[in-house]
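Protein chains in written order, with my numbering: chain G, 2 to 325; chain L, 6 to 295.
None of these hints come from the bench; they were simulated from the model.
Warning: the hint list may mix true and false statements.
[Claimed, not checked] Calculated pairs, DMTMM-like style, for lysine to aspartate or glutamate (alpha carbon to alpha carbon, straight line, at most 25 Å):
no.	chain 1	residue 1	chain 2	residue 2
1	L	19	L	60
2	G	209	G	170
3	G	63	G	77
4	L	19	G	224
5	L	112	G	224
6	G	209	G	258
[Stated by the list, open to error] Here's a subset of chain G near chain L, in silico, CB distances under 7 Å, partners left out:
no.	residue
7	30
8	221
9	222
10	224
11	225
12	228
13	229
14	230
15	231
16	232
17	234
18	238
19	239
20	243
Ideal placement from N, C-alpha and C gives every residue a C-beta, glycine not left out.
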Amino acid sequence: MTVSSASKPASPSAAFPQENRLADRWEIEIRRRRLYTALTVFIIAGLTLASLVFANETNAGKFFDRLPYFFDFFGDLIPRDAMEPIRALFDLPSPYDNGSFKYDYPAGRHDFIGVFYIPEYFMAMLETLNIALLSTMIGFTFGFLFSFLASRNLVRSVWIRGAVRRLMEVLRAFPEIVIAGFFVAIMSLGPIPAIAAVAIHTIGALGKLFFETVENADMGPDEGLRASGASWVERVRFGIVPQVMPNFMSYTLLRLEINVRASTIIGAVGGGGIGELLRLSISRGHEAKTLAIVFLLFCTIVAVDQFSAWLRRRLIGEQNFGLA
Amino acid sequence: MLTLDSLTKRFGDKVAVDAVELDIPEGQMVGIIGRSGAGKSTLLRMINRLIDPSEGQIRFGDVNVTTLSGSALRRWNRDCAMIFQQFNLVPRLDVLTNVLLGRLNHKSTFASLAGLYSREERLMAIAMLERLGVVQTALQPAGTLSGGQQQRVAIARAMMQEPRLILADEPIASLDPLNAKVVMDSLADINRREGITVVTNLHTLDTARTYCQRIIGMFEGRVVFDGTPAELTAAEARRLYGAANDGFSEAMTSTALADDDNASTGAPTRSLEEDRADTELAKQRAEALV
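Required output: the full structure, derived from the provided sequences and hints.
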């Protein structure tokens, strides 16, 4: 709108009626938004408090009543001498050996070559890592294949897309530990049910992250290939995959980290590996063994996280030099 | 001969292309001009079948392009190469691979997934890059090239399809004048030497006048002008751009492609020897790659 400069306005608000109305509306809008934000925060705080009280009521022992006993558990974890956890970790003979399971460290040795052996917990840790690695690879393969079929920009048919998406939802609906429970019942104890359980969850989880990445891909290269007569598979391979691969790798490495933890937990319900040994040693009160396993687990998880961060930088950093 | 028969495209209520009738004989270089939103882009995309027409027919020789589907449609896509404003290369793949992607329709899906390209195809790709003056970039990721270089790579890819017709959708709209000239020269050269029909959308009148034997003007989805550059008078142009009589001149749509501009810009001062050495090196690398 135009305001004639000839007539001097008495006050600014009188001179610019439209602008003023707009400014007022904006202020009302802002106030309303602030009110909503305050209300939301208030409601969430209330709900949080209510659920904490509910959890404490339903718990067997009350949180604050039991808090003084918190350090008793750690007291029980102190071994007879400082060397005991190291002996347990490397399967060295213990001076306290009285024939019980508590001190039978060398019994777990796995023969290697001649006098060399692999300590029991290192072997079990390897088993757990193997479960994580294998299930991540299976999950990646199927998640990769499913993701393109689930993407709106690549598949027009709602039926195919819907079917693949529902399938992936079902696969990731159950936590690994629940699926593992079923498989252990079917296939008995060991790493195979653990691999199946973690892989199934991984397919669903990675597939979802993957197809969301694919849906955000730039469709320019795809259009270029379509206009030169490329088939669907060729368009996906050359137009989409080069773009999404760095993201796929990043998600997969993140999933590997998660799967190392998941396969440890699954060991505790009969999936083999270090988790099983940890559960046994805690429940039997073998403090030196428990400490050795926890230490080994901690080191492994830190190492895997560091390695995957390094690999991610190597793989994705290099490909990301300022490309559109 | 490409024939469009009352070709129409509607998006909802809006008519983007309105009953277009055209005959384009083989070997012609045609420029389509008009304001943005005049339906130029939609028309080209329909010819390549990137979008389906609402009504009407496209015929090429005795093939009814409108009803093609499946592998016959993909073969048409191959015969009718397309150049885009945004190049539509695969930025993360190297230039040579991008050019070789033009061969996808010539081979089985298995062979292309396995990357099985014959030595002839590789040499053909390198020769095409050399002809377009971008062979020194052959092993770089396509995304690291300048706009002008990317568009030339896109032309090389189009040529690998061994097309019978090239459609160019605003090929120079995102390029600076110098690169625009190089790209238009390449298209004109292909048209002249290989005798391939080139149909190109342009938004600048002077480019169309300089390069095209025939100019088609579109306004609100309809063809309102069809003739030689000489027949496109100032009055016609004004009508085409829907401009009021006051203050419209051709210079407004110009990107000034006059020849003597080259000398004055004189941008990168590289000697011919340096360029040649680069090309030689690139050729050796390319040979080693093959």
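Taking the hints in turn, this is what the structure says about them:
1. 19/L to 60/L: holds, 14 Å
2. 209/G to 170/G: OK: residue 209/G and residue 170/G at ~8 Å, within 25 Å.
3. 63/G to 77/G: holds, 22 Å
4. 19/L to 224/G: Measuring from Cα to Cα gives roughly 24 Å; hence the hint holds.
5. 112/L to 224/G: holds, 19 Å
6. 209/G to 258/G: holds, 18 Å
7. 30: violated, 32 Å
8. 221: holds, 4 Å
9. 222: holds, 4 Å
10. 224: holds, 5 Å
11. 225: holds, 3 Å
12. 228: holds, 4 Å
13. 229: holds, 5 Å
14. 230: This interface hint holds because 3 Å falls under the 7 Å limit.
15. 231: It holds, given that the least Cβ distance between residue 231/G and chain L is near 4 Å, below 7 Å.
16. 232: holds, 5 Å
17. 234: Holds: closest Cβ of chain L sits about 5 Å from residue 234/G, inside 7 Å.
18. 238: Holds: closest Cβ of chain L sits about 6 Å from residue 238/G, inside 7 Å.
19. 239: At 6 Å from the nearest chain L Cβ, residue 239/G passes the 7 Å test, so the hint holds.
20. 243: holds, 4 Å
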